[in-house]
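Chains as they are written, first to last, in the working numbering: chain A, 2 to 176; chain B, 613 to 1038; chain C, 92 to 509.
Source of the hints: derived by calculation from the structure; they are not laboratory data.
Remember, predicted model here, so these are calculated numbers, not experimental data.
Hints are supplied without guarantee of correctness; some may be wrong.
To be verified - Some but not every residue of chain C turned toward chain B, in silico, with C-beta under 8 angstroms:
{"hint": "1", "residue": "189"}
{"hint": "2", "residue": "462"}
{"hint": "3", "residue": "480"}
Ideal Cβ positions, reconstructed from N, Cα and C, are used throughout, including at glycine.
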Amino acid sequence: MSEILKGRAWVFGDDVDTDLIYHNKYLAETDPKNMPQYAFEYYPGKEHFAKEVKPGDFVVAGKNFGCGSSREHAVYCLKYAGIPVVLAETCSRIYYRNAINNGYPVLFVKGISDAIKQGKINDGDQLEVELSTGTIKDVTSGHEFHGDAVSDLENDIMQAGGLMEYLKAQAAAKK
Amino acid sequence: MGKTAIVKIMERAAGKPVKVGDRVWCKIDWSTARDFGGANCVLQFEKEMGADAKVWDPDKIAFTFDLQAPSHSEKVSTNQKIIREFAKKQGIKRVFDINNGIGQHVMLEAGMIKPGDVVLGTDSHMNLLGGVGAFATGVGNSDIAASWINGTNWFRVPETMKIEVTGKFQKGVCMRDLLTHIVGDLGAGGMDFLAVEFTGETIDNSTLADRITLCSMVTEMSGKVPIIMPNGEVLKWLVERAGPEVENRVKELSADPDAEYCKVIKYDVTNLEPLASCPDAPDNVKPVREVAGTAVDQVHIGSCSNGRFEDIKAAYDVLIAGGGKVSPKVRTIITPSTTEVQLACAKAGMIEKFLEAGIVFTNPTCALCTAEHYGALPSGDVGCSTTNRNFIGKVGKGSHTYLMSPMSAMATAVKGVITDPRDILG
Amino acid sequence: MGKTFAEKALGRAAGYDVVANQVVTVEPDWCMSHDNGAPIARTFKKIGVKNVWKPERIVFILDHAVPAPSSDHAVNHKEVREFSAEQGIKHFYDVTSDGGVCHQKMCEEGFALPGLIMVGSDSHTCTYGAYGAFSTGIGRSEMAAAWATGKIWFKVPESMKVVVTGKFKPGVSAKDFILKFIGDVKADGADYMSVEFHGDGIENMSIAERMTLCNMGIEFGAKNAVCRPDQKVLDAIKDNAKCDRWEPLWADEDAVYAAEYHYDLGDIEPGVAKPHKVDNYAPISEVKGTKIHEAFLGSCTNGRIEDLRAAAAILKGKKVAVRTIVIPASWIVYRQAMREGLLDVFLDAGCVICNPGCGPCMGNHEGILAPEEAAISTANRNFKGRMGDKDSFIYLASPMMVAASALKGEISDPREAL
């Protein structure tokens, strides 16, 4: 029996680049816990995100989320803001790797890019997300979406808590 | 059925046969980091593995300082210091400090990169090293720190898209314009997770600088890795720098004639015209002619996409043809990609002419392209740049940027408004 | 009784005879501002005057952070640009290859002229005394008021006479002398005073060396510092004086001084100012071997062609052991250095050559120090945290010592490198 996550939606468009998620101005930061304060500062209309986001809220986006830079800050700033999962049609490969490597789930949700454009899912909507099945219910609008499960290897890394943890566990198992 | 280059490269790195879709653990030839992300890798490695933990092989790790060289902030200085001290402690000799230039370019010039090498770096444009047939990819700090444990990392074997390019560029048109055309054609997600082999007579006859340009922006189409196997002059150059092993690698790792591609796209550059990526996305492509006359406040020529000697020389030729002066209405900044490029520009007498023209010539670095550095824009300003991203607010809140070729950028600097370089070159 | 330089210059500007301690109101010949022109413009607008008194007397030179390293700096520059356009200020040096460090530009562009009253919203405005000008730094509010009214008041300062004779030994330069001098008289040694440099030791110096001396005047409290405008100066300004209001002035033989010092340059040895005070002088013997992490050659104090030549002579054919940042004081200097092959020498030695500007001098960009790092620098201040982290250390020294130290990664005697 898997847990159902409940929270509000923060909705973004397609091709949300890493500068919009976490601007290059703050790249010198090395402590992940300090990163949430800068999240989406440069995203027009979402400048208030960092102030108003609550642990448990969801980030919902269209295609190619996290395109651009390799900065892991763009993952940390959401993870440490308490966003349990990113729901996107697709995300950039580097963003995807960075998320997996931190044990941070990204669900690829078919049709959500169009749903955002059609207003089927909006800022502030109450969502219920079941990670094990990939089922996403928008309680406010009544629409339902489905996310893809990840491959075995990615899942193993996720379950280990991230790539470093995974490799450490592997090394320990060898001994 | 034959194999694509990336399949052969990953088989070499994995030490076993692989097929598309497999998740495989590959041996890493170079695990590198910049002054951006580098300190994060170090801190993460030491936190997870302990302060006394040793990296798997100090001779396969390199650090490059290009985000802010020299540093503009205490935080970046501290990050650079963390890297220097870690390198010293671990016996990592390849530290390219602030006097070198953009990482991938510096490593290429240093002869570190061979075809088929698996190269990781904290730079999403790492994959420009595909311009010499390497499998180079930008990753976050976890991937780097993890690879330092045992010198491996996991990858999905990607499908390969083949892009065949034929024809000769007209005067005033160059590889950057082809690239802009492809970005516009395929869009920001057009190469999602794919490997891309560039082939055809136009590629075979192109310079290393052109190949770097082409490969640098595969990231902007969400591609995983671009591959161009060295031939001709590029092969000669690379053998001189990286040794005779390069030739074996080319033979061993080039795609089979009957390799399977998920998609083959053909482009003919004969009728291509100068193009611009308009605000605020690389794939918002229009002919330069169509946006000609737009006033700009700043022109920047440089970056890992177009900061080679050949790029700067192409801009120089436009400057001279245009009368040797840039418009006083425009601030024009040129940033060579490496010290070697800077010296070559000086020896060719170009820097002198740039300064006479009113242009600011900086030390080699990423400049405005990365974290706030030379050439940041104020709100309301319009910039024109040869860099690779023009996302909204990237170089300053409320500013907008047009991306274009070095020739178009210089034509714009000369006239003070966006200008098709053919109007100057005739 | 004779008059000092300050009495003559301020009397000339006031239009009547003045003596020390008298308060006079004069019209400045030039008002110079750099990137801080933006906040001054904001203050000016609050005064309620629509136009500046004489746009042709105002000079803007962007140098503190060029090209803009952040969007905040960029916004600042934009404000200066817009204010210049709006007010018709023609003497504007933007981010182009005409630019450089403001004080260097004021001198090489022919603004700094004998006898002129020059104010700048930068404390090192005293540099122009090398050309015989009465020049001094003022605050931002005062600058805004000067733009509005065309007037500025001064208490005519008492004067200090520094008599300098003889010649430097090899490996020793004007910077070593001024650091030793500041160490002797201390940071407040010339508080409020006009400092006059006299003697054959000064006559033997190039204008560049005199600029180094006058530039550091503020570091021992001087209101202004000045050298006699001799033939070297007259030759230098012959073709490029920006106005004809100038007149060579110098103190009378029997002028009265509040203090007087005598130095023989032959007695001076290489020396440094240790952290964190400019008057914390130490001869090379005391600091030799101190580990450094960065070497900086440049600034309005020592970024001229003469300084680059001196450093290049030591670096030629060798490799630096620490990161070494070379920033010519202006693009004119940069181009001259390029023609002389000095830039090749620096690049081959492993230095990074930045575009002209203030660089890391006041911690804006291009070489900020991390915690626990030490730098040897040719600039003029070593206050705690000035070049970056509050726990970093700055040693001020001559271009020759900076070059010699860069080669070894520790503070080194330039006489051994020559």
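We went through each hint and held it up to the structure:
Proximity of residue 189 (chain C) to chain B holds as hinted, the smallest CB-CB distance being about 7 angstroms (cut-off 8 angstroms). Among the interface hints, the one on residue 462 (chain C) holds; its C-beta lies about 6 angstroms from the nearest C-beta in chain B, closer than the 8 angstroms criterion. For the restraint placing residue 480 (chain C) at the interface with chain B, the shortest Cβ-Cβ distance is roughly 5 angstroms, inside the 8 angstroms limit, so the hint holds.
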